[in-house]
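As a plain string of letters, each chain reads:
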Amino acid sequence: MKIVVMLKTLLFNLLKGPVTRKYPYEERPPFPGERGVILMPDESKCIYCGICARKCPSNALTVTRTPEKEWKYERFRCILCGACVEACPKKCLEFGDRKK
Amino acid sequence: MSMIVPFGPQHPVLPEPLQLRLEIVDETVVSALPVIGYVHRGLERLAEQKDFQQDTYLIEHICGICSFMHSTTYCTGIEEIMNIEIPERAKYLRVAWSEMHRIHSHLLALGLLADAFGFESLFYQIWRTREHIMDAMEYTTGGRVMLSAACVGGVRKDINEEQKQFVLEKLALIEAEFKEEAHVLLDDYTVKARTVGVGVLDAKTAYERGAVGPTARASGLKMDHRMTGYFAYDKLDFEPVVENDCDAYARTKVRIREVFQSIDLIRQALSALPDTPLKTAFKGNPNGEAAVRAEQPRGEVIYYLKGNGTDKLARCRVRTPTFANVAPMLHMLNGCSLANVGVIVLSVDPCISCTER
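So the sequence lines, in the order shown, correspond to chains E and F. The number in this note's numbering is simply the position in the first sequence, starting from 1, with 893 added. The number in this note's numbering is simply the position in the second sequence, starting from 1, with 57 added.
Fair warning: there could be bad hints in the mix.
[Claimed, not checked] Sample of chain E residues at the chain F side, in silico, Cβ under 7 Å: (1) F924; (2) R928; (3) L932; (4) P934; (5) D935; (6) N952; (7) A953; (8) V978; (9) C981.
These aren't lab readings, by the way, just hints derived from the structure by calculation. We treat Cβ as the ideally placed atom computed from N, Cα and C, and that holds for glycine.
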């Protein structure tokens, strides 16, 4: 009959201390390539073709050409799939910080 | 005299909004009636209104645990309709991410099972181990759960040498840590007292009631859809995990052995990654129908897809493994004590979000 099988793990945990970080004082740096909020750092590169809006599965992007050229992004509709970033012919879209 | 006790949808043991109306006499459950519909989102209907390529991301959101497996199965269906042969590297990568999802799902389920029988430190310990595989998925695809790595014709992401080493390091960590935790789940006296002989489902009933996945395999049925060799499973060496004890302990044992099996499969897949492109280019829209199956952590999922030559699908129907496992679960609940209901439900590992879509 085994009743103290967890003892080794418990002792190890007691000696090692917490494994969690003291967030928000200590943050884990994001992995390279992490998908975050969609950004367009340089809007002058955009040709307003609307491919990103057509690829977007959650209708988070709207591109208008008339009366004014406009690229609009709704953060709370975005599911961070990255279809727009991949499809952009001018490569003017990129991922930003996930927490923003 | 019997009385009805509602179990869920808000219950400390249940991770998912399922209600079971339990008819009990004293402390014994006489019958159980499932009530679902708390998280229905109409995703099948929505999938008919979106572009078939946008559906890949939508279908991924059917489940928050086996998301990648849903999207790859969907993509396989579209590829079958459109006669697209995916590159070899994509097949191996699909296996690697699918198996990462299996590890993540089984560790989650085992942790919740530990919580269900009141062993909270074991629950936290298992979930701590699970973080390693979440990191591996995040580093390789950019997302912890929603990998968005599948696309029609192949995969969107690649695993480079650096990421491969990271995944292998994490797998070694999981293997070492989970060996200790599996030892507690399998050998501890109090854990065995809660799982051995609880929720018995014999092989004949499991077959007749249509059990799938670990629930069926723990009842001695050798049913694993991976044996048919879809993706690159035909080139990898593995045997389905089968146990014959038919109880909650056997189902736990099947999941534990499958975690180690998945670790082995990822290692095999990553070591044999062929050097081919990631996806096949294609033109046109799906016209025709296909029914495809895949082995998810909870069992076999079936997708029925019908295209009508336009960019929108005419029908997208999903039969999830939990739906198949509800009938066997009700059989297990008959005659059990009220205190064991949580353990039995968690030993089946139901995913109601999948089931209701």
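Hints, one by one, checked against the model:
1. At its closest, the beta carbon of E/F924 sits 5 Å from a beta carbon of chain F; the interface hint therefore holds under the 7 Å criterion.
2. Because the beta carbon of E/R928 sits about 4 Å from the nearest beta carbon in chain F, less than 7 Å, this interface hint is met.
3. The interface hint given for E/L932 is broken, as the beta carbon of that residue sits about 15 Å from the closest beta carbon of chain F, more than 7 Å.
4. Hint status for E/P934 relative to chain F: violated, with the closest Cβ pair at about 19 Å, above 7 Å.
5. At its closest, the beta carbon of E/D935 sits 22 Å from a beta carbon of chain F; the interface hint therefore is violated under the 7 Å criterion.
6. Checking E/N952 against chain F by beta carbon gives a least distance of about 10 Å; that is not within 7 Å, so the hint is violated.
7. Of the supplied interface hints, the one on E/A953 is violated, with its beta-carbon coming no nearer than about 11 Å to a beta-carbon of chain F, more than 7 Å.
8. Restraint check, E/V978 versus chain F: the minimum CB separation of about 10 Å is more than 7 Å; hint violated.
9. The interface hint given for E/C981 is violated, since its Cβ lies 14 Å from the closest Cβ of chain F, which is over the 7 Å cut-off.
In this structure, the earlier hints numbered 3, 4, 5, 6, 7, 8 and 9 are contradicted, and the remaining ones agree with it.
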